[in-house]
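Colleague: Fit the two chains together into the complex; they arrive one by one in their own frames, and the hints show the way.
Same order as they appear, the protein sequences are chains A and B. Using our numbering, read the first sequence as starting at 22 and increasing by one per residue. Using our numbering, read the second sequence as starting at 123 and increasing by one per residue.
By construction, these hints were calculated from the structure, which means they are not laboratory data. Some hints could be false.
[Said to hold, decoys possible] Looking from chain A toward chain B, a few residues come up when the C-beta cut is under 7 angstroms (computed):
#, residue
1, I168
2, V190
3, A213
From the three backbone atoms N, C-alpha and C, an ideal C-beta is built for every residue, glycine too.
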Amino acid sequence: MNTINAAGFPILSLITFLPLAGCAFIATLRGATPAELRNARWAALGTSLLTFALSLILWVKFDPSVSGFQFRETAVWLPDFNVAYRMGIDGISVLFVLLATALTPICILASWESITTRVREYMIAFLVLETMMVGMFCATDFLLFYIFFEGVLIPMYIIIGVWGGPRRVYASLKFFLYTFAGSVLMLLALLAMWHHAGTTDISVLLQTQFPAGMQYWLFLAFLASFAVKVPMWPVHTWLPDAHVEAPTAGSVILAGVLLKMGAYGFFRFSLPMLPEASAHFQPLMFTLGVVAVIYTSLVALAQEDLKKLIAYSSVAHMGVVVIGIFTFNQQGMDGALFQMLSHGVVSAALFLCVGVVYDRMHTREIARYGGLADRMPAYALVFMLFTMASIGLPGTAGFVGEFLVLVGAFHVNFWLALLGSSGMILGAAYMLYLYRRIIFGRITRDDLKSILDISPREIAVFAPLVVLTLWMGIYPSSFTTFFDATTGAMVQSHEQAWQGAHHATLAGIFHQ
Amino acid sequence: MNWAAALPEIVLSCAGFIILIVGVLQKQDRTPLCTSLMLLAFVVTGFLVWRTPDGVAYTGIFITDYFARFAKLLILAGGALAAVLALDFNAKQRIARFEFPILILFSTVGMMTMASAANLMTLYMGLELQSLAIYVLAAFARDDLRSSEAGLKYFVLSALASGLLLYGISLAYGFSGTMQFDRLAQAVTSADTPSTGLMAGIAFIVAGLAFKLSAVPFHMWTPDVYEGAPTPVTAFMSTAPKVAPFVVLLRLMVGPFGHVTVQWQPIIVVVSIGSMILGSFAAIGQSNIKRLMAYSSIGHMGYALIGLAAGTEAGIRGVLIYLTTYVFMSAGAFACIIAMRRNGKPVERIADLGGLARTDLLLATLLAIFMFSMAGVPPMAGFFGKLYVFLSAVQAGMWTLAVIGVLTSVVGCFYYLRIIKVMFFDAAEPAFDRRPMSVSGVALATGAFTLLFFLVPAPFTGAAESAARILFG
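Here chain B stands alone, though its shape is the one from the complex (with noise of 0.2 angstroms):
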């Protein structure tokens, strides 16, 4: 048996259990130590998934290819960076503990497990393990009721779209007999007219993961979770949690269900045009920062769903595209909200912003750039993204989706230079406390990232090329 197929999420797995040990064992808190070890044990899984051959591993529920290898970086990365960010902010916030980046490591094991799943058992066992460490993360400030209810809240609405997918997989074994992706995909190929059944499977399956990516109409969780939830979690959950169901239902939708594309098509259509248009219009009126960050996530999510409805290899090369350059943004732009933090409080109304550019420059400059980023301004990373998934639309022909997508990134603009305008052209709000190093750090590497992203991307678009080119065999 090809067991090694998965041998990074094994290593990374294991070497959770040896940083838990090693937390339990230490007399006072260590948590910089178990981030260390969680920062290290990701540099050798990025190591590992890199050098992983290309494979069908466990009778065929586990799949390694260049697809999967690409997601599971990228994932590492968000999971990564967002460790990075709660070594601060949680030891300031007296919620340091050992189990955080632990959490996130069994977070991201599952994430990876769904980039690798080829069969719907696989998909939804590390569907579970992500949400259920997410739970715990989300109310991860358990003295603070913002938090707690975040987490319960997320609890309850997360349990009903795991169980919405749950009876998606078994509709859909039920009319074809199968859970395996390319079993699947014979059923569905080998039907003259697709079974009903076998549509709502879909449908539900859908769902399930539309929630995951907090996507319209199934978005209500978001706004209030990544309020409450502390930032570093907003700023983990907004990240990798996103990558991980995306790069699933780009699988099982180009994949298993490629043959039915006309059928799902739709679906996807009105959940990314409902996805654009609420992400863009509600923002507006948004006075909490965490809470713009939810609507403006929601209408990210929009904007990749376009590739995805597109249905072409373009479509998923430029979904990829979008999310790498919407990790890193979204991980810089939290990075510089869990930067405002005055006389030892965190603050996060947006009018707490307020002339920031006269009392930290380059603070200011960084988030200007991630704003212009996500506005999709040229010559920022983020507009490469949406570059993407237009021209895959206007390639497949898909008018309206383009026109309301580059219409709506115009509404989307205004809030984001809202921001700007805030923090250069209003008066100065007194200063932010000193900026820790590690975020500091985080910022500056995003940052650079999103900035610069224009002078080499060919080797972003070309893996994500090869990326998409696998699903399509």
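Pulled out of the complex, with its shape left as it was, chain A reads as follows (with noise of 0.2 angstroms):
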């Protein structure tokens, strides 16, 4: 194995693969008993810690300034076929890794006492799934890529389906046959793309024309594989059903990182593969976008269910995040960018926190709320700044982004900004409506009365996603920054290969 790389030893696939360390030690505990079912939540817990402190070697010894993969590794696996154990991280990917490490000891502490039965199995799902996601996001090789892909359906749908609520059948069946359908239209477009370059090394892949109409067919199938991964309306039906049934944590790493990794494979994929198909099918992704936007921003205001409502909310902000990455400049990208991580810390965020009321009160229905603020002052704090950072208050995470997407939209065009905006002024209404009746008004509800305040584990959780969402919000370029040099090589990429199609049709209209 090639170690070369700024860390001096293989770190990405450790990060990727200590999990399964985890989980092999879990799986060797046995019992029953609370004190042994601690050991499990201790040892899952450790272990989470452990790779999201090795993610932070990432943070720490990344370059920023160079655009294309850094701290690559690369092992033989399939040498007949020219497909390889790749590994590698760019400016894109940096960053999910450590949402992904981030989020699953969170996730790991916001199911401590909620999951009661079976519980070694649930840590060693999760971390089976931290694996997945963050073998997916450094995975430099396409094969290897769409493994860890469609590995990550796996653990959710038994995460989904054993933990779930009263319709978890329904909504784990849903949400594994939605991905897999699409994502076997990908594996089609895979093929196309390795009979035809020879290779599955995404760095080559980059470096590869594909023809122009080879490229409108891979963009239609990558569109219905990371479509429905974002979820872009028409598709995004599964999301609400696997978010309601979903334990808390479960919607927390979808909502955070899964969620992520359609519009992450419109990054790797098919903008810089893809320039001509992108650039023809702009106009499909902007319409596509802005019905997201405005549509399931009208459809969360009339919901009835928490959960429900932050499914809806994402929806639309990821309709965001799509016109974003297909305004092809260096604002809309970074704000895509920034929307995405953003969007990763703020919705997990709102999904603890109706985690941290449905484990009080067992029930998800805003009207059999309302007045928190007198029982609960820190939640209805904590809560306040979440949604403000999900309407895009200056100052928090939420604003950078969605200011980013459109000024980067206006420059493509007036109304699609325009459009786009509408979106956050309708987020604005039905977060505060939301806010207003679970917080706010007096407590008329007899099992209210008693209710109490967050824990000290409550705060643990919350508190690193509070100092997140605050930083990315005051000091956003020290997230930016690890980006920047790639989306600006990206943009400049584009423009270039769209120009030498541009040129390569006029020569052939004045060669006739």
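Modeller: Written out as structure tokens, the structure is:
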């Protein structure tokens, strides 16, 4: 194995597969007494914290000034087919690796008390999920990427199906089949690219020129997969179901990391590898993005279920991301990446907020709550912060991403920017309406009168997310520096490819 | 004469006779002894297969090459796994007789002969030896009505298929004047336009072999026979006896009939699409897990046939990888089904698996691995099988096949997931009886293969590549 990288050892593989070691350890634990179950919890938390600590090395050692993959690792895997185990991260993926490793311990901590059945299996499922997520962001070989991309489905299916709510079977099956159906079409695109380029090395594929006719089909195949994952309207319907039925931590990971996989796919494959098709389908993507923003915001306004409302708001926020990606300018793309990160933190935190009251009241019906500010002042404050961040208040994480995307969209088209920004207004409407119904008013229900404020464990869960939300809002450049160079290079190469194709067409015309 | 080319088959047949004598001479039934001897014979044969030098023997009717060797090892593995699975099952069902391993052994000899066939007659002899043994095996629980029915049904329909095959062989012989593969190739190549009679012959041969593969439209027997036959026999039928007709089909189609690929390709495409669609949709309504596995195997044959339809070296490689992964995951799935036994009686309904994850997490996890693998979800072995056949279809530009293939695999995924759902999400049924060591061992070994295949796929894909290259000279 080639270990020449900034860290001096195969750090990406270590981060990816360390959780599996934790799984192996937890699998050896026996017994079901509270003490033994606590061991499983601590083992899972320890493993995920260790993984997070390791991933911080990436934060320190990553060189943001260069575009291209860093911390590369390669190992022989399928030499006959030019497929190898290739790992590496660039400005786009590095922060998502950190997001995944940071959210996993938070999830484990959040399910400390709410998960009481089959604790060991739950922890194993989460650690496997972490391996798959991190591996997916680190893979620089398309086949390897695909394996991790699909592998995510297995633990998530189990998490929703075993520890989920009453309609968990329906929700888990829908989640699996929707994503699987999209992914197999991407598999065909993978095979076509593999056949065309002779390798699945992403850095080679990035340099490969695909014929324009082929690009369109490839783009549509990718779209089938990534649109389901993002999720984009009209294939978003699995998301509210999955969110509502999943346990709190499952929703957190789903919103925090899994939804980013689709947009990450656009960044990694569609945009740089298929520049002509991306430009060709730009209007379609804008339309789908704008529809998602407006339509799902309106749907969110009408929800009676806490989790469903936040799920629909996720679809709207990801619509903004899609708009940002396809502006093809630096502001838009930076904004999209930033929005992905901030949504990863903020929506994860919002689902945790729902989890707090759900653990106490065992209902997600908005009408069952009201006046929580009296009994739960600290909770009200935390919820307020994340509500504001979700709306996009300046000074919070949500603002920077949306603002940059809208600036980028403005460069493209005034109406695009206008329609896209309507999402912010609608977002303010449904989030503030939600906040008013839950937190303000008088406590009218008897069972709410004895509700307790957040516990020290929950404070520990929220603290890092609060810090991150404010940090990203007040000093965003400590995050944007990571991807500035990469997006800049992407914009440049996209323009070159676009102009090259344009010249080729012109030359073709004159030649006739 | 190069008689040593068939040394593995000769040794295995002799071993079969010796075990038969040993079994007859014992006062009481000694099935475990005979099974152990059979496994020993398999190991020796496997070693001989590995060491036999390449060559053509017996005036050109028998060929030993890397392709045959690959297939034979796979067949031996399938036969051995089924024999191990039968040990405990037959004892508990009171159908343990020492003939059982011997029948598997002779069936295996027949299949190995098919893998080495270089003449249509050799092919037919091997096929009949394989089938005759399986007729008896399917009806092995002779006091059980369903088993007898399965045996009879398989016999009658299989005889019809053999007739079709023979008719095809006679047509091929009549219109080309030879049954030797190499001379058939010459006859096909030298003709400017392939004769209609020969084409009809090819169609009948494909039909006869497709019956053995249980590919649509020759699949009707599969669900009934799978359900009725004793489960270890079903396990056997779904592994090795699928490999042997497949490899002989590969050898025939790309060898002697390689020149008329354009003519036979549509047949294979239609059979493949039909199998994939039927395999995925018809399985949805099943409540008996053995019937479900029958439809699943129909679907799998459809996927594997994609590789043949591509008609390229990459396609053959894909088929061989597919068959390798299929043999192990199918044997493993049947090991789990054999472990489904409650109060001494085997149970077969999918609902009986309810809540298995609570009562026997290991078994549930293993079966889940096999189901995910059959659905083609990475990183399981089944994904790689599908990957390579789809790759060959894409390389050959057969987009219809590839798109239908991936879409039916999504439909298929639904019923595989349903089994996982029943095991993991549903309320617990009473626990199963203790798993016997032999069954657990098979399930664990095949489960490890299925789960960890992605770590070291290169030896298998490399071997399949070399085997496929042989066919294309």
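Colleague: Each hint needs a verdict: does it hold in this structure or not?
Modeller: Verification of the supplied hints:
Interface restraint check: I168(A) against chain B, minimum CB-CB distance 4 angstroms, threshold 7 angstroms, status holds. For the restraint placing V190(A) at the interface with chain B, the shortest Cβ-Cβ distance is roughly 5 angstroms, inside the 7 angstroms limit, so the hint holds. Taken as an interface hint, A213(A) checks out: its beta carbon lies about 6 angstroms from the nearest beta carbon of chain B, inside 7 angstroms.
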